[in-house]
Amino acid sequence: EAGVTQFPSHSVIEKGQTVTLRCDPISGHDNLYWYRRVMGKEIKFLLHFVKESKQDESGMPNNRFLAERTGGTYSTLKVQPAELEDSGVYFCASSKGRGASKNIQYFGAGTRLSVL
Amino acid sequence: GEDVEQSLFLSVREGDSSVINCTYTDSSSTYLYWYKQEPGAGLQLLTYIFSNMDMKQDQRLTVLLNKKDKHLSLRIADTQTGDSAIYFCAVADQAGTALIFGKGTTLSVSS
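Each protein sequence line maps, in turn, to chains D and F.
Note that the first sequence covers residues 177 to 292 in the working numbering.
Note that the second sequence covers residues 185 to 295 in the working numbering.
Wrong hints could be hidden among the right ones.
Claimed, not checked - Among the chain D residues that face chain F by a calculated CB cut under 7 Å, a handful are:
1. E218
2. I219
3. F221
4. Y282
5. F283
6. G284
7. A285
8. G286
9. S290
Said to hold, decoys possible - Heads up, simulated BS3-like pairs for lysine-lysine below, C-alpha to C-alpha not over 25 Å straight-line:
10. F:K240 with D:K272
11. F:K254 with D:K278
12. D:K272 with D:K227
13. F:K220 with D:K272
14. F:K240 with F:K252
15. F:K287 with D:K220
16. D:K278 with F:K251
17. F:K220 with D:K278
18. F:K254 with D:K220
Quick caveat, the hints were computed from the structure, so don't treat them as lab data.
Predicted, not measured: the structure shown is a model, and the values here were computed from it.
Built from N, CA and C at the ideal position, the CB exists for glycine as well.
Isolated chain D (complex conformation):
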């Protein structure tokens, strides 16, 4: 069974540009989460999808960030326009959402975003 996959693994962009990160959750997992770790700080929650619906987006830093999960499968996180402080590692995680261990979250390898 494939794990959580994220693309790209690394993105280098200039300030003001747009970047779109993609996450494919584990097949059959209804819950999908985005987190990020900026330099020297903790890993912080951004938002949570249940299928295609945004359940909790309290961690989204501002309206330059837009997350979607059309069809309830993969998700994208778009940053437009990117600022220097957006640099960091963006992690995606998924969980079953039902049954035993429904909330156990499995993470992808992350996307390292560098804004210059």
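Given the coordinates of chain D, assemble chain F onto it according to the supplied hints.
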């Protein structure tokens, strides 16, 4: 809000035991987790413990939970150089969904 604290660094010799400690402020999390991040890799779920347990053992790993003191620890027996990584403690928020992480403990194992 919820806060999770860990020491930042731990250095041990190969073959010794490693103990990584974590304290948290909110005890409503059903599960408490340890994740491992090797250099250049993502977050790997290492182990987790159900909140009504005091201890969980899985091969070389032992997790101890003291709910009264809000203290979680991870013990790695016979630490190997391949155990060198960053270890993150995490608990769920009050809604039970978002994970709250500590800053991570960098474990360095010397031969």
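Query raised in the report: Holds or violated: are the alpha carbons of K240 of chain F and K272 of chain D at most 25 Å from each other?
Result: Within the cut-off at roughly 23 Å; holds.
Query raised in the report: Does E218 of chain D meet its interface restraint, that is, does its C-beta lie within less than 7 Å of any C-beta in chain F?
Result: OK, holds: E218 of chain D within 7 Å of chain F, min 5 Å.
Query raised in the report: Does the nearest C-beta of chain F fall within a distance shorter than 7 Å of the C-beta of A285 of chain D?
Result: holds, 3 Å
Query raised in the report: Per the CB criterion, is F283 of chain D less than 7 Å away from chain F?
Result: holds, 4 Å
Query raised in the report: Taking only the CA atoms, is the gap from K220 of chain F to K278 of chain D under or equal to 25 Å?
Result: Distance of about 20 Å is within 25 Å: holds.
Query - Supplied contact hint for S290 of chain D, tested at 7 Å Cβ to chain F - result: violated, 15 Å
Query - Holds or violated: K240 of chain F to K252 of chain F, with C-alpha atoms at most 25 Å apart - result: holds, 17 Å
Query - Pairwise hint evaluation, K251 of chain F against K278 of chain D, where the allowed Cα distance is 25 Å at most - result: With a Cα-Cα distance of about 22 Å, the restraint between K278 of chain D and K251 of chain F holds, given a limit of 25 Å.
**Report entry** Pair hint outcome, K254 of chain F versus K278 of chain D [Cα-Cα no greater than 25 Å]
**Finding:** holds, 23 Å
**Report entry** Hint check, I219 of chain D versus chain F [nearest Cβ-Cβ separation less than 7 Å]
**Finding:** Holds, because the Cβ-Cβ distance from I219 of chain D to chain F comes to roughly 4 Å (cut-off 7 Å).
Query raised in the report: Can G286 of chain D be said to touch chain F, with a Cβ gap under 7 Å?
Result: holds, 5 Å
Query raised in the report: Given the hinted pair K287 of chain F and K220 of chain D, is their alpha-carbon gap at most 25 Å?
Result: Holds. K287 of chain F to K220 of chain D sits at ~10 Å (cutoff 25 Å).
In this structure, the one hint that does not hold is number 9.
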